[in-house]
Amino acid sequence: MTGATGPADHSAGPGAGGGGRVEPDARFTFANERTFLAWSRTALALVVAGLGIVQLLPPFPGVSWGRHLIGVPLIVLGAIVAGAGYGEWVRNQRALRRGAPVPRSLLPVILTVTITVMALLSAIVVLLSATR
Amino acid sequence: MARERTRLAWTRTAIAFAAVGLAVLRINVAAGVTALLMTPLIWQAGRMSGRDALGRARPRQLLLTALAVTTVALVVLVVVLLGHSTSGFHPPSRVLGRPG
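Protein chains in written order, with this note's numbering: chain A, 1 to 132; chain B, 1 to 100.
No lab work stands behind these hints, which were simulated from the structure alone.
Every residue, glycine too, gets a C-beta built ideally from N, C-alpha and C.
Among the clues, some could well be false.
Stated by the list, open to error - Between beta-carbon pairs, the in silico distance windows are:
(1) I115/A - L8/B: 21 to 29 Å
(2) M48/B - V113/A: 18 to 26 Å
(3) P59/A - A23/B: 17 to 25 Å
(4) I115/A - T11/B: 20 to 28 Å
(5) P59/B - L120/A: 31 to 39 Å
(6) R56/B - S129/A: 47 to 55 Å
(7) S122/A - R56/B: 39 to 47 Å
As the list claims (entries may be wrong) - Over 12 Å on every C-beta distance to chain A, these chain B residues come out as not near it, computed from the model:
(8) A2
(9) V33
(10) Q44
(11) L64
Could you build all of it, start to finish, from the sequences and the hints given here?
In structure tokens form, the structure reads like this:
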């Protein structure tokens, strides 16, 4: 790391180098902020998708709870993504201040796994309703 | 340029809130109004983003945004769990080509 010009600008001014926490380069702060906003929009989309499934889809024949089974987890996931997105922003900003590597994000994994599970559940509900 | 991109990201987020609010308004007034009321807050937070010449982190504005999304999600969840089940969306007959 010696001589490396990383996200933490150690020539940022007074207090630079004190405890290794300095205001990072503005570009990295803005990039972190844009990432958070992207997660927020993703969370909104999940909430709307869940609401649309519950309110706009016709009931599955023979599976009266089908719409809620698919829609409610999406809405809950949206709330989780919103909160987790902020938590990741805080974590990333802290790493940027210290000049440490930005930690790996868990949100893509959470999103992928949850949506995969929801897709499988949806397939099961559709098959169940087709057989009833 | 990074600041401009960030401002645009805030604008997209505010538009997303407004679009969600308008779309949801048709389904449920409480959830739609909640999302619409968040729009000016998000818009204002985004405008303040461009004023900081040093590009410092703004945890309060971001926390407000996260809380806004979470609030919309919770309102929608309550509506879904406690509201009455609808029979689904039925387009008007003229859309289906049937005599109205």
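Cross-check of the supplied hints:
1. Taken as a hint, the range 21 to 29 Å holds for the pair I115/A and L8/B, whose Cβ atoms sit roughly 27 Å apart.
2. The hinted window of 18 to 26 Å between M48/B and V113/A is violated, with their beta carbons roughly 36 Å apart.
3. Checking the proposed 17 to 25 Å range against P59/A and A23/B shows it holds: the Cβ atoms sit about 21 Å from each other.
4. The hinted range of 20 to 28 Å is satisfied by I115/A and T11/B, whose Cβ atoms lie roughly 27 Å apart.
5. Taking the beta carbon of each, P59/B and L120/A are about 38 Å apart, inside 31 to 39 Å as hinted.
6. Between R56/B and S129/A the Cβ separation comes to about 54 Å, which falls inside the hinted range of 47 to 55 Å.
7. In this structure, S122/A and R56/B meet the distance hint of 39 to 47 Å, their C-beta atoms being roughly 44 Å apart.
8. Once the 12 Å rule is applied to beta carbons, A2/B is inconsistent with being away from chain A; the minimum gap is 4 Å.
9. Against the 12 Å criterion, V33/B stays outside the reach of chain A, whose nearest CB is about 14 Å from its own CB.
10. Every Cβ of chain A is farther than 12 Å from the Cβ of Q44/B; the closest lies at roughly 14 Å, confirming the non-interface assignment.
11. Distance to chain A contradicts L64/B as a non-interface residue, since its nearest Cβ pair spans about 10 Å, not more than 12 Å.
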